[in-house]
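Residue strings, one per chain:
Protein chains: 2
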Amino acid sequence: MERFDRDGYLFFPSLFTEQEIRVLNDEVPALYAQRRPENVREKTGDVVRTNFAAHMYSYPFAKLARHPRMVEPVKQLFGEDVYMHQFKINGKAAFDGDLWQWHQDYGTWRADDLMPEARAMNVAIFLDPVNEFNGPLMFIPGSHKLGVLDAEHDTGTTSYPLWVINQETIRQLVERGGIVAPKGPPGSMILFHGCFVHASTSNLSPWNRVSVYLSLCAVSNHIRRFKRPGYIAHRDFTPIQCLPDDCLLRHYDVPLPWKNGTPNDELKAA
Amino acid sequence: MERFDRDGYLFFPSLFTEQEIRVLNDEVPALYAQRRPENVREKTGDVVRTNFAAHMYSYPFAKLARHPRMVEPVKQLFGEDVYMHQFKINGKAAFDGDLWQWHQDYGTWRADDLMPEARAMNVAIFLDPVNEFNGPLMFIPGSHKLGVLDAEHDTGTTSYPLWVINQETIRQLVERGGIVAPKGPPGSMILFHGCFVHASTSNLSPWNRVSVYLSLCAVSNHIRRFKRPGYIAHRDFTPIQCLPDDCLLRHYDVPLPWKNGTPNDELKAA
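Which chain is which? The protein sequence lines are A and B, in order.
Mapping to the numbering used here: the first sequence position 31 is 31, numbers consecutive.
Mapping to the numbering used here: the second sequence position 228 is 228, numbers consecutive.
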């Protein structure tokens with residue numbers, strides 16, 4: 001907990017086993033093939049950049065969303081129950097995976113969703129090996145200490161509009177904290193602060209770099225406005241109930257409420 | 001020479017001293033500020049992507065073009081005299097430096113310039129530190145063995161049109177040879193084969209990554225067609241006469257024929 005407070009992130013190499021990750025990976029092609037609003041594609045064409053809310057309609061990912069190895073450390077850091085604020089599977093596909101500019105996630109959660117404080121945790125789980133060539137996440141250690149930084153809305157660089165931090169601020173932050181890019185095998189997990197400044201370059205390598213990105217929000221800190229569609233910023237603040245530790249490899253009943261399509265009122269502002 | 005033949009490249013960390021590199025670096029801002037056709041800018045705006053032919057109008061770079069530490073190894077590998085086919089200073093600027101797709105240089109030299117064989121050597125000299133975050137050159141070891149690979153003309157991805165190798169070929173080459181990205185301090189030099197497949201990602205870091213890229217062609221292998229402007233593909237096949245080893249730090253007379261502007265007949269096809 002001291003290290004998280006100081007650096008803004010924690011890295012757990014190989015937290016999930018190869019077997020467990022295979023269960024998730026086997027599901028991704030079918031998810032990405034679906035024509036539903038939850039799939040946002042790259043500007044170059046048909047390749048999926050990000051898939052939203054798979055835990056609402058995919059059995060393996062619904063179990064991952066309740067995995068104690070992922071949820072318990074977050075509860076420990078916040079000292080209270082958490083709910084799922086956002087659930088994404090980012091493609092960062094071989095050759096086509098585009099960059100993500102320098103940004104903080106909490107800036108968006110505050111501005112769009114009226115989330116009161118930065119008490120939501122980002123979780124990255126590697127489904128592919130992450131190496132120096134396939135566009136690893138880059139972080140500026142210590143950058144979470146400054147709260148929400150000024151940002152500009154960049155709608156042109158990639159297919160996904162983003163609040164991007166200005167270059168002079170990045171220069172100063174990096175001078176103080178440097179840059180780190182955790183790399184490791186599939187099944188590795190990163191926890192990082194909602195104000196942690198991060199980016200990733202495009203993936204020119206022939207290796208996919210699919211990762212699950214979750215944002216788990218402290219229940220008392222739930223969002224106050226439903227400006228974004230429900231599949232992007234969830235509106236159900238029920239505390240996550242963890243499944244047993246072997247949940248990815250054994251059968252457990254989980255609800256899949258969007259299995260037959262996204263409810264209409266989750267597709268638009270409320 | 002055996003290693004060059006096997007791998008397709010040689011890396012010489014810190015071949016030039018800090019003092020020597022400072023002489024070159026001090027000149028770059030003034031070069032990039034010039035409004036002349038030799039400066040190609042990034043699609044994002046005013047930042048220079050590549051500067052051509054500085055050795056024809058910049059005193060320090062005219063000396064670098066004749067440096068024995070750079071020229072002699074190339075002559076040794078080809079077993080004959082060489083001339084300067086192309087001279088570039090690539091910006092890869094902090095934040096703005098865009099990617100270069102996977103390509104071979106000799107493909108262009110053959111198609112556009114009718115260069116008979118791949119007997120021209122690429123030379124990269126680092127003017128800034130190169131690290132994993134500022135878009136290092138990526139190479140596929142052994143990829144020079146296959147001659148000219150099929151390529152498609154990509155005019156859309158960046159501001160600079162390029163003959164780009166298809167993804168399936170890259171996948172196969174990487175499966176066999178992997179990817180390497182030499183990193184090191186300013187003054188490091190890479191020699192690489194004209195058929196060597198290479199690329200680099202965008203530079204999101206706050207660190208510039210300026211490099212000099214030279215192509216030295218064996219004199220007997222000179223180009224047969226002047227389709228491209230002379231400042232891009234030179235038409236003077238005079239063998240390079242080396243200066244002494246201390247040339248970057250002492251005064252030596254060198255010609256600067258384009259000091260007052262590029263001759264008209266070097267700006268267009270002949």
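Keep in mind that a hint or two might mislead.
Claimed, not checked - Only part of the chain A face toward chain B is listed, based on derived beta-carbon distances under 10 Å: (1) Phe95; (2) Thr155; (3) Gln167; (4) Ile179; (5) Ser200.
Unchecked claim - What follows is a list of derived Cβ distance ranges for each label pair: (6) B:Pro185 x A:Ser220: 34 to 40 Å; (7) A:Asn260 x B:Arg6: 29 to 35 Å; (8) A:Asn25 x B:Asp150: 37 to 43 Å; (9) B:Asp46 x A:Asp253: 46 to 52 Å; (10) B:Lys43 x A:Arg36: 48 to 54 Å; (11) B:Leu256 x A:Arg6: 25 to 31 Å.
Unchecked claim - DMTMM-like cross-link-like pairs, simulated, lysine to aspartate or glutamate; straight-line CA separation at most 25 Å: (12) B:Lys75 x B:Asp265; (13) A:Lys88 x A:Glu168; (14) B:Lys43 x A:Glu27; (15) A:Lys43 x B:Asp253; (16) A:Lys43 x B:Asp46; (17) B:Lys183 x A:Glu152.
Source of the hints: derived by calculation from the structure; they are not laboratory data.
Just so it is clear, CB atoms sit at the ideal spot from N, CA and C, and this is done for glycine as well.
These are the hints, each one checked on the structure:
| no. | hint | result |
| --- | --- | --- |
| 1 | Phe95 | holds, 5 Å |
| 2 | Thr155 | violated, 14 Å |
| 3 | Gln167 | holds, 5 Å |
| 4 | Ile179 | holds, 5 Å |
| 5 | Ser200 | holds, 8 Å |
| 6 | B:Pro185 x A:Ser220: 34 to 40 Å | violated, 51 Å |
| 7 | A:Asn260 x B:Arg6: 29 to 35 Å | violated, 58 Å |
| 8 | A:Asn25 x B:Asp150: 37 to 43 Å | violated, 31 Å |
| 9 | B:Asp46 x A:Asp253: 46 to 52 Å | violated, 59 Å |
| 10 | B:Lys43 x A:Arg36: 48 to 54 Å | violated, 33 Å |
| 11 | B:Leu256 x A:Arg6: 25 to 31 Å | violated, 54 Å |
| 12 | B:Lys75 x B:Asp265 | violated, 30 Å |
| 13 | A:Lys88 x A:Glu168 | violated, 30 Å |
| 14 | B:Lys43 x A:Glu27 | violated, 38 Å |
| 15 | A:Lys43 x B:Asp253 | violated, 52 Å |
| 16 | A:Lys43 x B:Asp46 | holds, 24 Å |
| 17 | B:Lys183 x A:Glu152 | violated, 33 Å |
Checked against the numbered hints listed earlier, the structure breaks hints 2, 6, 7, 8, 9, 10, 11, 12, 13, 14, 15 and 17; every other hint is satisfied.
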